[in-house]
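Colleague: For the protein sequence lines, the chains are A and B, in the order given. For the first sequence, the numbering used here assigns the number 56 to the initial residue and increments by one for each residue that follows. For the second sequence, the numbering used here assigns the number 128 to the initial residue and increments by one for each residue that follows.
These are calculated hints, taken from the structure and not from any lab test. The beta carbon of each residue, even a glycine, is placed where N, CA and C say it ideally should be. Treat each hint with caution, since some may be false.
If you want the footprint, here are the derived chain B segments under chain A, 3+ residues with CB under 8 Å [claimed, not checked]:
#1 307-314
#2 320-327
#3 330-336
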Amino acid sequence: MNTIKPLIEVRNLGVSYLNIKVISNIDFTVFKGEVFALVGESGCGKSTAANAILRILPEIASIDPTSIITYHKDDLNSLNLLAMDEQVFSREIRWREISMVFQGALNSLNPVIKIRDHFTETARAHGIKDRKWILDRARELLEAVKLDPDRVLNLYPIEMSGGMKQRTLIALALLLNPKFVILDEPTTALDVLIQREIISLLKDLKNKFNLTYMLITHDIALVADIADRIAIMYAGRIVEEADIYDIFYKPLHPYTQGLLMSVPKLGEFKEEIVTIPGMPPDYRNLPSGCKFHPRCPYAMDICRKEEPPIIKLDRERRIACWIHLR
Amino acid sequence: MSLSTTLSTLRLVSRIYTKSPSTIFSLIVITLYTVGALATVLGLVPPLPPAKGGWEYIYQPPSARDFPWYILGTDFTGRPLLLAIVRGISTTLAVAFLSAVITVTIGVALGLISGYLGGIVDEIFSIIINVALTIPTYLLALILVATLPAELKTNILVLAGILSITAWASLARAVRAQTLSLRKREFIDVAKTLGFSAWKIMFDEILRFMAPFIAMSLTLAMCNAVYGYTGLAFLGLMPISSENWGIQIYMAIRAGGALYSDRAILALWSPIITIVLLQYALINIAKTMEAIFNPALRVSYIKGE
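Work out the full structure: start from the sequences and follow the hints.
Modeller: In structure tokens, the structure reads:
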């Protein structure tokens, strides 16, 4: 596995909804062939970051002009995705290079359009008119996600189970042979057995088609299973970024520690699950200094006054916390 | 679509339509009317004999002469009533169908565009729809027909246009409302991300979702147009002709005195029953259409529940 070359570099990404800033100048890099996870509570900005990469933010959103998202198409070509013309982006990048498995598998397919048409229409929207090629590719992908193509192609989404729909969505995401797939909560609303199947399926597909994943989730157990590197987000900021082992065995940021504590462990009896006290912050009225300080057990004076910068601890580890800055 | 899927769809449709006795009955009625209309258009139905005035010829009781055309007796011109009724099917159906198509096309197009695009387009279209809603369709049709030159009063296209002149407004409203809610659904967001054009999302993704509703609106609009067309004739706004159900009813009352004597009783009730049967069948078909267009309902038919 080659993890040296970056595939996508996000620099200084800031997104505002109306005038409320929901992502504050975050940086991260996804390397070729890895699974990069963006983890955080609901509303921490992780889906917004993913949508910004694919440029599917709602109309009320605006991206800071200083933001740069560089996509390394191959060794020679690097593109700034945010500076591209929408027509060109839609034709050449979206779905052909970068695709997405959407949140909420159960509602992402039009229930009255056959699966066959979902495939042909998607390909047609990207200029591919060769029906035979599309159907062959659809069959290959449906088989890869362990569905029976002859049956599934003729079904309506309404006739399928949640797991089948999620597999179909994954197949649909791979239709135009992208290199980078954003998985937005790929297992939400599925039961644990199906979750496990989907995860192992995603791993297989990654090897088979040479994919790079960016996983958006709040499910830390899922992350442990599949991710290589993790960035923890809080209130639109990346507070910690590290290797999977470091996050689980040596979490540094108090928020990361709180997240891990709140996961019940098998074989352990607890009267009450440890939770992080307080509520996620209100974007219209963010606390001063470190955005986590009202909920942080180690809050110091400086945390209330100044926001900690994100610094590099070693090669793969970054953190934004005064305790570790000194 | 391959032959086998076409066949299985046909089998499904036939199963849906033969499920209850009332739909079978409606299907038979519609088929008979369609055959009657086609036969008239193709010239297989004999033309009406020349009119014969005089009390001894009009509103004759049934007889077996020229079987089967005289079994309902004669009408206000001394012509065979059954033949006149049969010859009236084609124009009535043509006006009804054309009017329904016009109503549904305008209503759906305005509603979809207005609801999906929103903004200034929605503002303008909403004003047009609201103005159309405030105009009483039938009264406007009445006035328009009354002022038409005689040769246009029998023009099918003109009549269909007049009957649907503002009838599309309520449909446009309903379609706009449904579009407003559908465009917020996740699969529409997904469709946008997949690169589908606004046109395609409106007239394919959303339209398919509303297909059962639109099919139903089409048949209901046909019902309204049948009432509108025969009603205009009944009110005496059409040139006198034997081949119009509305005029047949009108004349049975006016010339035959059907409300006071039994003599023209057949001439009064035959066209009424003809109209009621057609409307009943149309509404039944509309109801069954939902099962064909809505995959969720279709599943229960496949399972035979």
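Colleague: All hints, please: hold or fail.
Modeller: Status of each hint after checking the structure:
no.	hint	in the structure
1	307-314	holds (count 3)
2	320-327	holds (count 6)
3	330-336	holds (count 4)
No hint from the list above goes unmet by this structure.
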